[in-house]
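Going by my numbering, the first residue of the sequence shown is number 33, and it counts up by one from there.
Just so you know, these hints were derived from the structure itself, not from any lab.
Hints should not be assumed to be uniformly reliable.
[Claimed, not checked] As a list, the in silico SDA-like pairs of lysine to any residue whose alpha-carbon atoms are at most 20 Å apart:
no.: 1; residue 1: LYS51; residue 2: ILE40
no.: 2; residue 1: LYS50; residue 2: VAL66
no.: 3; residue 1: LYS42; residue 2: MET59
no.: 4; residue 1: LYS51; residue 2: THR62
no.: 5; residue 1: LYS42; residue 2: ALA58
no.: 6; residue 1: LYS50; residue 2: VAL68
no.: 7; residue 1: LYS51; residue 2: GLU67
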Amino acid sequence: MAQMPALIPKEVEIQRLKKIWMIIIAMGSTAASVEVDNFVDGSLHQT
Numbered sequence: 033m034a035q036m037p038a039l040i041p042k043e044v045e046i047q048r049l050k051k052i053w054m055i056i057i058a059m060g061s062t063a064a065s066v067e068v069d070n071f072v073d074g075s076l077h078q079t
């Protein structure tokens with residue numbers, strides 16, 4: 033039982049990190065898709 037108080041904040045930290053990672057991954061994938069769209073548009077206009 034002595035370790036329980038130390039474990040609870042770690043769980044909160046892990047949940048927070050997971051949420052931040054989800055946001056970063058979502059933003060990154062959105063930016064990547066925009067970059068791909070721009071690249072495809074550029075290559076299409078060149079031909």
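Going down the list of hints, with the structure as the test:
no.: 1; hint: LYS51 to ILE40; in the structure: holds (17 Å)
no.: 2; hint: LYS50 to VAL66; in the structure: violated (24 Å)
no.: 3; hint: LYS42 to MET59; in the structure: violated (25 Å)
no.: 4; hint: LYS51 to THR62; in the structure: holds (17 Å)
no.: 5; hint: LYS42 to ALA58; in the structure: violated (24 Å)
no.: 6; hint: LYS50 to VAL68; in the structure: violated (26 Å)
no.: 7; hint: LYS51 to GLU67; in the structure: violated (24 Å)
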